[in-house]
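J.: Chain residues, written in single-letter form:
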Amino acid sequence: MPIVLYRVDERLIHGQVVVGWGNSLKFDQVVLVNDQVASNAWERELYLACVPPEIKATILSVDEATKKILRNGFEGEKTVILVESPFDILRMTQKGVKIGSVNVGGVHSRAGRKKILPYLFLSEEEISAFKKMISGGVKCECRDVPLAEKHDLSTLLEKLKP
Amino acid sequence: MIKCIILTHGDLGSALKDTLEGIMGRQEGLSIISNSGLGREELLSALKNKLNKEQDKDGVIIFVDMFGTSCWQTARKVVAKAGGYGNKKVVITGVNLPMLVKFFSRRQTLPMEQLAPLVKQEGEKGIRTET
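Chains as they are written, first to last, in our numbering: chain W, 4 to 165; chain X, 1086 to 1216.
Think of the hints as simulated: they come from the structure by calculation, not from any bench. Given the structure is predicted, the values throughout are model-derived calculations rather than measurements. Please note that a few of the clues may not be correct.
As the list claims (entries may be wrong) - Straight-line C-alpha distance at most 20 Å; calculated EDC-like pairs for lysine to aspartate or glutamate:
1) W:Lys117 / X:Glu1113
2) W:Lys117 / X:Asp1103
3) X:Lys1162 / W:Glu57
4) X:Lys1133 / W:Asp38
5) X:Lys1162 / W:Glu80
6) W:Lys70 / W:Glu80
7) W:Lys118 / X:Glu1127
8) X:Lys1135 / X:Asp1103
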């Protein structure tokens, strides 16, 4: 089984991912892709503690994950790739990773971000990163938990007032 | 006096506070934080701000609803450099009403190193099955 979900979620590994998406997709493995977490032993330990024992968890930097995806290193297991921001997905696609669609989960309110959905607030830079992904053929679908309604990000961004 | 912060998903903390105060009356040094709408950094700042306000020589227990969640990660980060009960900050997960009742009944008389295990034990004792 290949990669079953790419998800952008600022909270990284947390209840919605492990419980919500875990129950729905029954994935074998979650790969947290984040340079900061990957470089900090204490944070790695913290996030690994949050995954139930039946799910395998790995933490990789963006470059490590990119290399592993490009050599089909995740083919053996049903895998979820989790990143914090669209910038990390964009870095992967720019290095040649082919991504059909991305699930956009929680990115929360902060100064300088516009409200798109109750769980999705984006800055100008983040909007532009998503637009680059979309124009490169990546479908971006907003859905915080599996049973929630899906929203196409490209449609939502078109409606957004400048 | 040992203080209490209830850090949960959604409105759970607020409902626990209201319910507890319905039983025991209004409590000093009891605050709540919800993770609703907050990213990792924002939730951590919210907790740090609350801890600065609630700073107390006797310490604080952070009650969290569920292990492994964003609430737990945040609480765990602020006690990261703790050595035993030395820094007087303790995280207890699986918050329920029995443990809060015990906490507010005994926090005036017990030091942290006795109160925290007692409160955890009370929470566990409150979970039973009747068949």
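J.: Does each hint fit the structure? Answer for all of them.
T.: Hints, verified against the model:
no. : hint                  : verdict
1   : W:Lys117 / X:Glu1113  : violated (37 Å)
2   : W:Lys117 / X:Asp1103  : violated (33 Å)
3   : X:Lys1162 / W:Glu57   : violated (25 Å)
4   : X:Lys1133 / W:Asp38   : violated (24 Å)
5   : X:Lys1162 / W:Glu80   : violated (31 Å)
6   : W:Lys70 / W:Glu80     : holds (17 Å)
7   : W:Lys118 / X:Glu1127  : holds (16 Å)
8   : X:Lys1135 / X:Asp1103 : holds (19 Å)
In the structure shown, a violation is registered for the earlier hints numbered 1, 2, 3, 4 and 5, in ascending order.
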